[in-house]
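There are 2 protein chains.
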Amino acid sequence: MTLDKFFNPKSVAIIGATEDPNNITSVVITNLIEMGFTGNLVPVNPHHDEVFGLKCYASLLDVKELIDITVISIPSGLVPEVLRQQARCGIKNAIVLSGGFAESGHKGAVLEEEVKTICKEEGIRLIGPNCIGVLDNYSNFSTSFLPWTKVKRPGKGNLGILSQSGSYVVSMMDMLSLEGIGVSKVVSYGNRVDVGESELIEYLTDDESTRVIGIYMESVDDGRRFIKASGNCTRSKHIVALKAGRQDSGIEAAKSHTGAIAGKYEIYKAAFKKSGIVEVYGLAEFMDACKVLSMQKPAKGNKVLVLTNGGGFGVSVSDLCGDTGLDVAPTPESIRDTLSKKFPEYFILKNPIDMTGSSGDEDYGTAMKSALVNNDFFDAAIIIPLMPPHTMTEGVVDIISQMSKESGIPVVICMVSGVYTGEIKKKFEEKGLPVFPTPERCVKAMSVLVERGRMNG
Amino acid sequence: MTLDKFFNPKSVAIIGATEDPNNITSVVITNLIEMGFTGNLVPVNPHHDEVFGLKCYASLLDVKELIDITVISIPSGLVPEVLRQQARCGIKNAIVLSGGFAESGHKGAVLEEEVKTICKEEGIRLIGPNCIGVLDNYSNFSTSFLPWTKVKRPGKGNLGILSQSGSYVVSMMDMLSLEGIGVSKVVSYGNRVDVGESELIEYLTDDESTRVIGIYMESVDDGRRFIKASGNCTRSKHIVALKAGRQDSGIEAAKSHTGAIAGKYEIYKAAFKKSGIVEVYGLAEFMDACKVLSMQKPAKGNKVLVLTNGGGFGVSVSDLCGDTGLDVAPTPESIRDTLSKKFPEYFILKNPIDMTGSSGDEDYGTAMKSALVNNDFFDAAIIIPLMPPHTMTEGVVDIISQMSKESGIPVVICMVSGVYTGEIKKKFEEKGLPVFPTPERCVKAMSVLVERGRMNG
Numbered sequence: 000m001t002l003d004k005f006f007n008p009k010s011v012a013i014i015g016a017t018e019d020p021n022n023i024t025s026v027v028i029t030n031l032i033e034m035g036f037t038g039n040l041v042p043v044n045p046h047h048d049e050v051f052g053l054k055c056y057a058s059l060l061d062v063k064e065l066i067d068i069t070v071i072s073i074p075s076g077l078v079p080e081v082l083r084q085q086a087r088c089g090i091k092n093a094i095v096l097s098g099g100f101a102e103s104g105h106k107g108a109v110l111e112e113e114v115k116t117i118c119k120e121e122g123i124r125l126i127g128p129n130c131i132g133v134l135d136n137y138s139n140f141s142t143s144f145l146p147w148t149k150v151k152r153p154g155k156g157n158l159g160i161l162s163q164s165g166s167y168v169v170s171m172m173d174m175l176s177l178e179g180i181g182v183s184k185v186v187s188y189g190n191r192v193d194v195g196e197s198e199l200i201e202y203l204t205d206d207e208s209t210r211v212i213g214i215y216m217e218s219v220d221d222g223r224r225f226i227k228a229s230g231n232c233t234r235s236k237h238i239v240a241l242k243a244g245r246q247d248s249g250i251e252a253a254k255s256h257t258g259a260i261a262g263k264y265e266i267y268k269a270a271f272k273k274s275g276i277v278e279v280y281g282l283a284e285f286m287d288a289c290k291v292l293s294m295q296k297p298a299k300g301n302k303v304l305v306l307t308n309g310g311g312f313g314v315s316v317s318d319l320c321g322d323t324g325l326d327v328a329p330t331p332e333s334i335r336d337t338l339s340k341k342f343p344e345y346f347i348l349k350n351p352i353d354m355t356g357s358s359g360d361e362d363y364g365t366a367m368k369s370a371l372v373n374n375d376f377f378d379a380a381i382i383i384p385l386m387p388p389h390t391m392t393e394g395v396v397d398i399i400s401q402m403s404k405e406s407g408i409p410v411v412i413c414m415v416s417g418v419y420t421g422e423i424k425k426k427f428e429e430k431g432l433p434v435f436p437t438p439e440r441c442v443k444a445m446s447v448l449v450e451r452g453r454m455n456g
Numbered sequence: 000m001t002l003d004k005f006f007n008p009k010s011v012a013i014i015g016a017t018e019d020p021n022n023i024t025s026v027v028i029t030n031l032i033e034m035g036f037t038g039n040l041v042p043v044n045p046h047h048d049e050v051f052g053l054k055c056y057a058s059l060l061d062v063k064e065l066i067d068i069t070v071i072s073i074p075s076g077l078v079p080e081v082l083r084q085q086a087r088c089g090i091k092n093a094i095v096l097s098g099g100f101a102e103s104g105h106k107g108a109v110l111e112e113e114v115k116t117i118c119k120e121e122g123i124r125l126i127g128p129n130c131i132g133v134l135d136n137y138s139n140f141s142t143s144f145l146p147w148t149k150v151k152r153p154g155k156g157n158l159g160i161l162s163q164s165g166s167y168v169v170s171m172m173d174m175l176s177l178e179g180i181g182v183s184k185v186v187s188y189g190n191r192v193d194v195g196e197s198e199l200i201e202y203l204t205d206d207e208s209t210r211v212i213g214i215y216m217e218s219v220d221d222g223r224r225f226i227k228a229s230g231n232c233t234r235s236k237h238i239v240a241l242k243a244g245r246q247d248s249g250i251e252a253a254k255s256h257t258g259a260i261a262g263k264y265e266i267y268k269a270a271f272k273k274s275g276i277v278e279v280y281g282l283a284e285f286m287d288a289c290k291v292l293s294m295q296k297p298a299k300g301n302k303v304l305v306l307t308n309g310g311g312f313g314v315s316v317s318d319l320c321g322d323t324g325l326d327v328a329p330t331p332e333s334i335r336d337t338l339s340k341k342f343p344e345y346f347i348l349k350n351p352i353d354m355t356g357s358s359g360d361e362d363y364g365t366a367m368k369s370a371l372v373n374n375d376f377f378d379a380a381i382i383i384p385l386m387p388p389h390t391m392t393e394g395v396v397d398i399i400s401q402m403s404k405e406s407g408i409p410v411v412i413c414m415v416s417g418v419y420t421g422e423i424k425k426k427f428e429e430k431g432l433p434v435f436p437t438p439e440r441c442v443k444a445m446s447v448l449v450e451r452g453r454m455n456g
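In the order they appear, the protein sequences are chains X and U.
FYI, numbering that gives the first Met the number 0 numbers position 259 of the first sequence as 258, with every residue one higher than the one before it.
FYI, numbering that gives the first Met the number 0 numbers position 84 of the second sequence as 83, with every residue one higher than the one before it.
Treat the hints with caution; some may be incorrect.
Note that the list lumps identical chains together, so a pair holds whenever it fits in one copy or between two copies.
[What the hints assert, rightly or not] Listed below are the simulated DSS-like cross-link pairs for lysine-lysine, each with C-alpha atoms no more than 27 Å apart in a straight line: (1) K155 / K4; (2) K106 / K349; (3) K151 / K426; (4) K106 / K341; (5) K4 / K227.
Think of the hints as simulated: they come from the structure by calculation, not from any bench.
From just these sequences and the hints, can you work out the full model?
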C-alpha cells in the first residue's frame with residue numbers, strides 16, 4: 000500500500016471546518032485555497048451549511064462523493080467516532096491535527112490507544128495525532144494550520160523533511176524560505192500512532208522529486224525497519240538526521256514532549272552510521288547538510304583546495320579543516336609553477352591559495368583552471384571570494400561557476416552575509432553553488448560531502 | 000601617550016590622494032565625506048592640485064597647518080621617505096594602508112624593518128602597514144578603503160573590534176550591520192609594526208563608548224603585556240577572542256598570511272583563561288558572544304529556565320544545555336504549584352516549561368512572573384517564543400521584556416530567522432533582549448554569560 004493519498008489526494012474532507020479565524024481549520028482551508036490546491040475540498044461540521052463558499056456537511060455519512068482523506072481537527076475525545084464513521088464510508092486515510100492524546104497525560108494516552116486500535120481494525124492509515132501533517136510542494140496540498148503570511152512557504156525543490164516535532168517543521172519551513180532552499184514534501188507526524196519515519200523513508204526513496212531527506216527525531220518507530228529503509232535509501236539518495244534527546248536533560252524533555260522514549264543515544268549513533276545517514280547536532284547544521292547534499296555531489300577524497308582573496312579567512316578555514324579531518328594538502332609543485340608565471344609574486348600559492356585583496360574576478364578563473372581543471376589532485380574546493388575590493392564584481396559568479404563545472408569536483412562557497420553580499424549569494428546559488436555565511440558552516444558542509452563520499456566507498 | 004589621535008584627529012593628511020576610483024585613497028576620502036567627518040582633510044600628491052574639491056599639496060613639507068595624522072596609501076618603497084618627512088613636520092601619527100611589506104617576501108620584510116626603525120627613532124606611532132586602519136563610529140573617522148555601498152557601516156554601539164586580519168574586519172562590519180549590532184571603534188592593524196592589540200586593549204579599557212572588545216588574532220604582540228592589559232580590562236569590560244592558527248594547517252596559513260608565528264595554541268588558551276577572556280572558535284560564535292555580552296549581564300550561576308511554546312525546541316535546547324554545562328534544573332515544586340493553578344493541565348511545567356502551541360502572549364508573562372520574578376531559583380532564562388500560532392502576536396515582545404527586567408537575571412531569546420520573525424527579532428533587540436536564530440547559537444550565547452559570571456564570581 001502506498002502513501003500517495005497523503006500527498007496528492009483528489010478529494011479532502013475537513014472535519015470540524017469553520018471560518019472562525021481562531022480555529023485552525025480556517026487556516027488549513029485558506030492556505031489550501033491560497034496555494035491553488037486543485038483537489039476537491041469538502042468541509043464537514045454540523046454547525047455550518049457553508050464554509051468559505053463551500054457546501055458544508057453535517058457528517059461524513061452525508062457526503063456522497065468519494066473522499067481520499069480526512070483532515071481532522073476537533074476535540075480529541077471526538078476523534079474515535081469520526082474515524083469509525085470514515086471507516087464506514089470507506090475512507091482509508093486520515094491526518095489528525097488535534098492534540099490532547101498521549102502528550103497530555105493518562106486520559107489522552109487511553110484515547111490514543113483507542114485510535115490506534117480503530118486504525119488497525121478498520122485498515123485506516125493515519126498521520127498524527129498532535130501534528131502539522133503534510134506539505135506537498137508539487138501537488139500543492141498541505142494541512143499546515145500556520146498562515147503562510149506568518150510562516151513563509153518554501154519554494155519547490157528536492158528536499159524532503161520528516162519530523163516528530165511540529166515546531167521544528169514550522170521553523171524549518173520559515174528558514175528554508177528565507178534561505179531559498181526548495182522542498183518536495185514535508186511531514187510532521189507528531190505522536191505517530193501509525194505512519195512513521197521508516198515507512199515515509201521507504202516512500203520517499205521512490206519519490207522522484209526528493210533527493211535528500213532531512214529527519215528530526217526524538218525516537219524511532221521501528222529500529223530494524225528504519226535501518227533497512229535508510230540503508231536502502233542512502234544507496235541512491237541522502238539522509239540527514241538530527242536526533243533530539245541525546246543528553247539526560249534532553250531525554251527527559253523528549254519524554255514530556257511527545258511521550259517518546261528517546262532510548263540509548265549510542266544505539267542511534269551506530270544505526271545512523273550503519274545506514275549511511277549523516278548525523279547533525281544543530282538546526283543550522285541540519286539545514287546546511289541538507290542544502291549542500293541537495294546542490295553538490297559527494298567528494299571522492301578529503302584533499303581540499305582553499306582559494307581566497309582574504310588571508311584571514313584562509314587561516315580560519317585551514318584551522319577548521321584540521322578540526323574536521325579535511326586535508327588542506329599543499330598545492331603540487333606543477334600547479335605552483337604554472338600559477339607563479341601568471342600571478343604577481345606576492346600571491347601565496349601554497350594551500351590556501353591567497354590571492355590577497357588586490358586580486359580580482361579573473362584571478363579566480365586562472366587559479367581554478369590550473370589547480371582544478373587541468374589537474375585532478377584536489378577532491379573538492381572551498382572558494383572564499385570576498386567581495387569588498389573594487390576589483391571584485393558579480394562577474395566572479397559566472398567565472399567560479401564555469402570552472403566548478405569544468406573541474407567536476409564538489410565546490411562550496413564561503414561568503415559572509417551582508418547587504419551587498421546577499422545579492423551575490425543568490426546569484427551563486429542560482430548557478431547551483433551553495434553559499435555558507437561563516438568559515439565554520441562552510442567547512443562543516445564540505446565535511447558532509449567528504450563523509451558521504453567515504454560512505455559510498 | 001594616548002592613541003586618541005588615531006580615532007579623533009582634527010586634521011588628516013591623505014598621502015597619495017587621488018580621485019581615481021581604482022585607487023583606494025579615493026574611497027577613503029569619499030567614505031569620510033559620506034560619514035560626515037568634520038576634521039580637516041588635506042590631500043597630498045604631487046600629481047594633483049585639487050582632489051574632490053580640496054586643495055592638494057605636492058608634499059607634506061608644503062603643508063602649513065598642523066596635521067594630527069597621516070593616512071598613507073602609496074607603493075611600499077616610498078613609505079619610509081614619507082615617514083621621514085612627517086617626522087620633520089612634527090606629525091606624530093600614521094596609518095599605513097599599503098601592503099608590500101613582510102607579508103610579501105624578503106624585500107618587503109627589509110622595508111618593514113626600516114619603517115619600524117624610523118618610527119622608533121622619530122617617535123612616530125603607526126598602525127599598519129597592510130591594514131584597513133580604523134573606524135570610530137562616534138567621531139565619524141575611518142580609513143576604510145572599502146566603499147560603504149559594498150560593506151555597510153555598522154551603527155553606533157558599545158562593541159570594539161580589533162583584528163590582525165583586514166578581511167575579517169571588513170566581513171565583521173558587514174555582518175554587524177545586517178545583524179543590527181552597533182560598534183564603537185574598529186581597528187585593523189595588519190602587520191603591526193608598532194601599535195598592537197595589547198596597547199589597544201589598554202586604550203579601550205578607558206574608552207567610555209566601549210563595553211565589549213572582540214579580537215581576531217593570529218599571534219600576540221607582547222604576551223606579558225597582553226595578559227596584564229586583558230586581565231585589567233575584564234575587571235570592568237568583556238573581551239572575546241578568536242585565535243586563528245590553532246591547527247597545523249591553520250598555523251602554516253597564518254605564517255604565509257601576516258608572517259605571524261602563531262605559537263603554541265595551548266599557551267594562548269591558558270592566557271585567555273587567566274585574563275578572563277572568552278575564547279570562541281568561529282565567526283558566528285564570535286559575533287554572538289560579543290552581542291550577548293554587549294546586551295546582557297553575566298549569570299550568577301548555571302541554573303537555566305527554558306520556556307517555550309514549541310516542545311521540539313525545548314528538547315533541543317535541553318540537549319545543548321547538557322552539552323555545555325548549563326543546568327536545566329527541574330522547576331521547584333512551589334513554582335509548579337502556582338503555575339498548575341493558572342495553566343491548563345496539558346502545559347508541561349517541569350523545566351523546560353512547554354506551554355504547547357495553544358499558548359499565547361499572556362502565558363509567557365504568567366510563566367515568567369511565577370518562575371523568575373517571584374522566585375530567585377533560576378540564574379538565567381532561555382525564552383523560545385515561536386510566533387506561528389495565531390495566539391502569538393508581537394505583543395509578546397513587551398511582555399517578555401517587562402518580565403525580564405523585573406526578574407533581574409540575564410535572558411536570551413531563541414527565534415528562528417524567517418521573514419515575519421525577522422521583524423519580531425528587531426523589536427526584541429530594540430528592548431535589549433538578544434535574539435539568536437538557532438537553539439545551538441542561543442545556548443552557546445547563554446553559556447558565555449554563565450562562563451563570564453563564573454570568572455567574575
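_Violated hints - listed by number, lowest first_ = none
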